[in-house]
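**Q** Listed below, chain by chain, are the residues.
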Amino acid sequence: MSSSTPTLAQGVGTGAGASGTPFLSVRDLKVHFPTPDGVVKATDGLSFGLERGRTLGIVGESGSGKSVSSSTILGLHRGSRAMVSGEILLDGTDLLSLSDEEMRLRRGREVSMIFQDPLSAMHPYYTVGNQIAEAYRVHNDVNRKQARARAIEMLDRVGIPQPDRRVDDYPHQYSGGMRQRAMIAMGLINDPGLLIADEPTTALDVTVQAQILDLLQDLQKEFNSAIVIITHDLGVVAEMADEVLVMYAGRCVEYGPTKQILTNPEMPYTWGLLSSVPDVTGDTDARLVPIPGNPPSLLNPPTGCAFHPRCTYRDKVPGSLCTTDLPELTPAKSGGFHVRRCHLPDPAAVYAEEVVPEMQADMTGEPIEETEK
Amino acid sequence: MSTTSAAPKHARPSGSGVEPILSVEDLQMYFPVKSRGVIRRTIGHVQAVDGVSFEVPKGGSLGLVGESGCGKSTTGRLITRLYKPTGGSIGFEGEDIAGFSPRQLMPLRREIQMIFQDPATSLNPRHTVGQIIGAPLVIHKITGKDGVMPRVKELLEIVGLNPEHVNRYPHEFSGGQRQRIGIARALTLQPKLLVADEPVSALDVSIQAQVINLLQDLQREFDIAFLFIAHDLAIVRHFCPEIAVMYLGKIVEVADRESLYTRPLHPYTQALLSAVPDVRQAAVGGRRERIRLQGDVPSPINPPSGCRFRTRCPIAKDVCAKVEPPLMQVGPRHKVACHFAGELGHHPAVPVTGIDVEGAATGGTVVESAGPGFEDTWLDLSTGQRTGA
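Those sequence lines, one after another, are chains A and B. full-length UniProt numbering numbers the first residue of the first sequence as 1 and each following residue consecutively. full-length UniProt numbering numbers the first residue of the second sequence as 1 and each following residue consecutively.
Heads up, none of these hints are tricks.
Within a straight-line C-alpha distance of at most 20 Å, the following computed EDC-like cross-link-like pairs (lysine to aspartate or glutamate) qualify:
#, chain 1, residue 1, chain 2, residue 2
1, A, 221, B, 289
2, B, 84, B, 26
3, A, 259, B, 289
4, A, 316, A, 346
5, B, 322, B, 368
6, B, 153, B, 221
7, A, 316, A, 328
8, A, 259, B, 278
9, A, 145, A, 164
10, B, 84, B, 96
11, B, 58, A, 285
12, B, 192, B, 111
Since the hints were derived computationally from the structure, they do not count as laboratory data.
All chains, full assembly: derive it from the sequences and hints.
**A** What follows is the structure in structure tokens.
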């Protein structure tokens, strides 16, 4: 079933037409973990591309494979029991074919990562300054003093007050927002071309989240890096990402420019994500429309379309196609490189006729005919 | 009151006319900070909650929002009397429970229950679901041994779980299901007030909606009052007709959701609302215009003098450091604590609290903090006079 999926060689996004291969190009990436209970297909045939200076948002529930895919790009599943196949081209080099030592030279210099919980991602025994300077000394032939100066410079750049004093603090002496800033300083100290941010603001308050997102965008402009931002908050995606990839059960189910995905989504799972979050201006008497059921187990994913047990639109598909055949990623109506994985003959029409009215009732609080008065 | 006519189709009038089930006045919680060494002297206090007053109507819900460390969870724990307050009163059904002894609290535990944030750590991994949900019945000797199982199965059905799963352990359930178990446990004794401390923030988005819908159904069916604590402004707005915003141990603004979300008067509320990322921004592209707050929340051990928000406030003046603004009523169901309360971009130049910029009384009436409830008259911000409905 899963072996029939290597689609979308063309599934690379921005700029693919102009220069051939974009800066980051992931093709048919598979990460499988053998366990005593069977093979967990955490990522199963994922393809995307990303240019420098652009941001890709990866959205999905926990267990949809978004973190596994990105940590594979960083080479964090080498030497483990994971079975990785496919291609990860960064600036023309296939990261999967590199030796451990070659990958080590690139990690932190060309690709780096910001983790969700900076308290557990930082070493509690070392000062923040030491940890940031270490990242610099690994890749640059500098002495301690120079590395420390560079660490202070980076801390200043990410907005830590009194960086020359705070550089000697331990992580627990920083507040949550400051720790995340320090993580960003660590990630960007070698000016990497690709930065992966795994839920960078999920553990933070909204006001701090806004500060961190501002910072990431400023730094992206300054360093012209490509950013992959993993999140479950569609609001963050809407404000940060140029392109969106929606993942479900280890596969990409919808991929395209942010504007098209969030205004004209063509996959019932994306509809569900959009309608299950209340809006700060929505009607409060309307009930939320949740996605029924639970995310599937990756050990034993549903046959056919992995979303079919939770999909409320599958009766619109003729026959039992949803339960038997995995839909291919096919171009969506809105054009561009917007693709989706759904058997519905015309999902755009279903969205316009059924989902939007339901969500609009949710937005204005009035049935449509009453809004005229 | 005439004001309720403005709210069209709430199932229940959100406050006026409805008796409060919970009335909290000037609640304080100071945690001592001890020195190091053998003799551990108290060298200061964390002022986690400092003078908080609010009401929760019977069968209604009040939302409590704020950044982490603002004291919202402590407030919840004070109301369930997991902590003993340093000062103030907690009126529950007309009785002040702030000073109750553990023995006096025993019957009260049936009335006030709590739902915790993280379902993975709030359920005992060694107990089956049946034992967890049935425990309150056994402890309070509500039913005999035979009565426990039928009630547990009934509760499982109410929260949407399979009654046959009574003998399973918490680890066999998913996050959303575990939160349902926590909710079932809280419902066992048919409480009148539920304190929900971030009940959905540990869950996936698609599951959040399921749990929120469940809580709303339960509220309607059993007429339970909720104190709903969360940091997600959209979810609080969806669930609660009335919302209090906390900052550093104090309430800075309370209002019905309509006023709070469309016409916030406190600069902190305005900043908080403008920081929420919006999905619909995708149609426009780029980031939304918003108020940037600098820095972090100050330490509650040594909070700023006067108004606690002044260190990060975009409109703070000298007077804010000298005089603490009272929580004054400025609308039928709207209270705000700010010297320069006003709509975004229209903050007044002189304090509205009846003092001059030096902090001295101007001769007019100095506005004082209102009680926990709402009164029939309020201060009209445009005229500076007291008006009524």
